[in-house]
Amino acid sequence: MAGINWTSLLSVIAGIALAPLLPGIISRVKARFAGRRGAPVFQLYFDLWKLWRKGAVYSRTTSWLFRAGPVAGLAAAAVALLVLPFGSVPAPLAFAGDLILLAGMLGLMRFMTIVAALDTGSSFEGMGASREAFFSALAEPALLLALGALARVTDAYSLSTMYGALSFGHWWSLGPVLALTAAALVIVLLAENARIPVDDPNTHLELTMIHEVMVLDHGGPDFAAIQYGAALKLWIFSTLLASLLLPVETGMPALDFACTLAGVFGVAALVGIVESVMARLRMVLIPQLLVSASVLAAVALLLTLNPVETKAGRPAFKAAQAGELQRPDSAPAQKADGIDKPTR
Amino acid sequence: MFIDFILVLVLLTNLKLLGSSRLGACIRVAAIQGVLLGILPWWAHGHPAAFRVLGVTVGTVILKGVVFPWLLFRALREAEVSREVEPFVGYVPSLLFGLGGLATAFWLSTRLPLTSVVHSSLLVPAALFGIFAGLFLIISRKRAVNQVLGFLVLENGVFTFGAGVIGETSLLVEVGVLLDVFVAVFVMGIMIFHINREFDHIDTDRLSSLKD
Amino acid sequence: MSWIIAALAVWLAGGILSAAMPRGSRGGSTIGALSAVLGAVLGMPPVVLAIAGQAVEVLRWNWPAPYGEFHLELDALSAWFMAPLLVLSALSAIYGHEYLTGGAGGHERKAAGPTWFFYNVLVASMAVVLLARNAVLFLVAWEVMALASFFLVTFEDEQPQVRDAGWVYLVATHLGTAFLLAFFLIAGREAGTLDMTKWTALNQAGGGVCGALFVLAVVGFGTKAGFMPLHVWLPEAHPAAPSHVSALMSGIMIKTGIYGLVRFLSYFENVPAWWGWALIAIGLSSGVLGVLFAQAQHDLKRLLAYHSVENIGIITLGLGLGLVGLNMRQPVLALLGFGGGLLHVVNHALFKGLLFLAAGSVLHGCGTRQIELLGGLVKRMPWTGACFFIGSAAICGLPPLNGFISELMLFAAGFAGITHASATVSLSGVATLGGLALISGLAAACFAKAFGIVFLGEPRDQRAAHAHEGGWAMVAPMLVLAVACAGIGLFSPWVLAAMRPVLGQLSQLAPAEVAFQLGGVELMLAGVAFGAGAFLLALVLLNAAFRSKLRRQKTGMTVTWDCGYAQPTARMQYTGSSFAQPLLALFEPLLQTKQHRRPPDGLFPKAANLETETPDLCRSRLFHPVFMELNRLLGRLRWLQQGQVQLYVLYIALTLVALLAWKLGGN
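Chains as they are written, first to last, in my numbering: chain A, 1 to 344; chain B, 345 to 556; chain C, 557 to 1223.
Simulated from the structure, these hints should not be mistaken for lab results. You can take every hint at face value.
Taking lysine-lysine pairs in the DSBU-like style, the calculated list, with each CA pair at most 35 angstroms apart, reads:
| # | chain 1 | residue 1 | chain 2 | residue 2 |
| --- | --- | --- | --- | --- |
| 1 | C | Lys935 | A | Lys54 |
| 2 | C | Lys1219 | C | Lys754 |
| 3 | C | Lys1150 | C | Lys1162 |
| 4 | C | Lys1105 | A | Lys50 |
| 5 | B | Lys360 | B | Lys486 |
| 6 | A | Lys50 | A | Lys30 |
| 7 | A | Lys30 | B | Lys360 |
| 8 | C | Lys935 | A | Lys50 |
| 9 | C | Lys1150 | B | Lys360 |
| 10 | C | Lys935 | C | Lys1105 |
| 11 | C | Lys1105 | A | Lys54 |
| 12 | C | Lys1110 | A | Lys50 |
| 13 | C | Lys1110 | A | Lys54 |
| 14 | C | Lys1150 | B | Lys486 |
| 15 | C | Lys1162 | C | Lys935 |
| 16 | A | Lys30 | A | Lys54 |
| 17 | C | Lys935 | C | Lys1110 |
One chain only, chain A, in its complex shape (with noise of 0.2 angstroms):
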């Protein structure tokens, strides 16, 4: 386990205060494309200060999972962040397969927001969950795929190896390589964090809507738990790509942090902006979407096994060392200690 320093602590704590603010970035820019002033940036911490101080009422349908739900997601996504690294400032808790964990923390978030919402016994909430589940089996190959074509790339799986290895010169020489994962990374973040053109947050039209409608009986800290566990998925997300197309390593731990931090909200600006310019895909294409998602991906790690000998006589991919696992730690990888490997 990573030594605990005081950067990754405190990309920690940058991640659980600073989230709310990315949904209020993407209404901001949205508001100014519409040619409005938009609420403020920070409404989101109003609305959940608003929301924790109300009370709750319950559907008699429901049972103890209903108030589980939120509860576990928060819980969920909050572990999550303890495995995120943010840039190249390592995570607290770094090892390598972590990126598993990520997903399925993230799996398991989406699966009590699922089961809540069928636990109300109502048609709208059961359509939500029907898409929500369907729509995350057909995104959750692409985001592995695409995340093990950058384990490729960096030779490593763990997400702090990874990206801390990730630099611009990793750009220059597989540019189309990162940019297929970049691609399939973005449709995955649209896809999950239901914007467009997944799903509409701002629709109140039962029919149309897959997250909104998931959680429609909650209210009151509920409500506020489930805001704030999307908008920590929405940061988790962020960050992975913002790691990803900015990935600098100055050696000042601060200023990496800083670096990244923009790039987060940078990554927010676009998501604003894409949701300004592009309409809402028909449901039927949906599935379209995210399969050419994940073929995105296959095809940046096709790129990478390319092992075709070029005209300057060097392969096209660096070879690896014969496959071992990445001790995990935020310095670089070190020599196994005892056994020499054998060399084959």
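Fit chains B and C to the given chain A structure using the hints.
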């Protein structure tokens, strides 16, 4: 590096053709692919400024980027058909086939004994994938316009292969092939118009009733 | 080994005793269940010791069967499969005692004694299959296992669909056994002996023979395990059987097929690459198709049966990755692949057993298995609901439960493959990542549907509205299994340590090497355990905060928001078919769901209905036409059956004379 970039874009255009549902978009994407492949041999040979080479490049770009789409759009307009592609194989299976075809193309390219003349390691896979994609489009789509597009993509695939492997004389060979394609597209455009006038549709699967 | 013999004796004696008890008394059932539990308890100590890597125990007795020998051995691999067998058989026995004697469906009128005889015989024969080291003994035990389970499946044989399921099962298992017979014959001839411990001599056999053996093993063992397309008996037999038998069959019996395949693979030092790729392909296709067909089912137990096909696919994927790792000399890939596959064997036994027991509880309480008629059971059957929820979360591979750990190991194997330089190994990693992610996503969608429609919302039918929980004998085994699922999830590093001897045996590495290579995996599991612990801590703290906050505020109860409808009914809720419809529409070419609909017409609403059914595609397109054609061809031989006994005796006499002439005339 720039060549890699162009080839990846060509790959993506092929995938988009496999997964697209609108004829207009398909024709435009094929045009973009033609333009990219027109620029490719000029850039691959170190972008010489010789007049003959430049002329052929510009001619290819105009032919594939402007003339062919114009012909095809005219055929569509005359036949007054709907702009939806009608496939035998759906879009998601087509995309997945495309992925499989790409993997096969990569694997096959490791088997081919070409070494030092290849400009980029992506060239042979991109060419092979273009051929597979073109054949798949011809087989799996009903509309005659789609089949013309498939033929164009097939020719693009063959051209990609030639552009990177052979030396300067490839341009002469390519002009010949280009002329063939031009005539083919022109003739096909006229044929589509006439087929539609006779039978009121351009579905090739319904044409099989002609065999009786 | 004497403990194991004692366990076998207890099982057989208990079975015979319970069959001998008079009809109508509960004694038969009690004795049968008790002997099953006692046998399991007796068997546990040597199994635990064997898993820990103690010396192999051997037992050899002479046996009058030709070429046969009563040769049992308990090594780490057998013990790894024995452990879930013992645990699940004991828990299912406790559950089954109350299920069969106390419940709905008129079971009280049936004599429970004979079925307990077959239950004990099934458990004993499965134990012998896992321990046998003589080919004849293995086949005899395999056949006894098949017959005992046939009689268990057809317990409710007054229902025609149960009889039909029984026949399908019997035919399928015997077809598989035919391939196994060929397999054992050829392997015995190549190795020169029917003593399986000497079959490492197969390494000297030629490539063609080994390839043929591999194909025979895959088909023969795969029929029992449930690979696509050999799985067609699973969705028939598992719903038809009583629920505790379904739990045992799905949890353990199909794993004997996996065990056979693994045992076969363990004899080879150099495994050809195409074996690993074949297993990966089989695993991915079984996984994806299994979960898709599961999504289309309306019967709760049939849904769970298709999920067994999917999980067998995941296990096979792990085995394939392990083989690729062995072939490419990647110890980490081999260890992760085998480790994930083997751990999933145990995990699946636990959570599938839990899910079947819970489904049985639902059937016991409501009298129906149809998802579309249930609903709201979590409030009427709270323990069953909670246990089914834990089982669902486990099978979807969600942290912090055990399904996540085995899928984590397989994903890690995929990443280990991807980061390798060779393109072929990377391709296996790519296939694993994409395929396994799709499988687990679809499984989550399917279990959200299964749990949500059955347990949540409002009851859709009177039977569900009057559901009642079973007694403690039914709830306690489920709770034990749920706790075991959570335990493996939270204490996974220790589970990995327990797996080291088995992994060493499979990956042909010395224990020190195994420990070294697994070092990174242990760190990964430790990190995951830490994350799981952090999640539970956060959950407890947040829950306390939220509940205390809400206690101080006003809370109220009302109806679900209904968009202003005046009279919402329970029938207006989302149904299972509605939930699954978008997914099934995308995969329509693979599923070919048939819809029968009578839409509402006219100006005022009248009665209308919609019915969907998804018959098993392999059965209707592959096996059914083949068997129909076979039937037609064999009908040509009808003339042989004249109905006269003298003619049949003539046939026998002619055959006897021919055999004698052939055998003796050759001198």
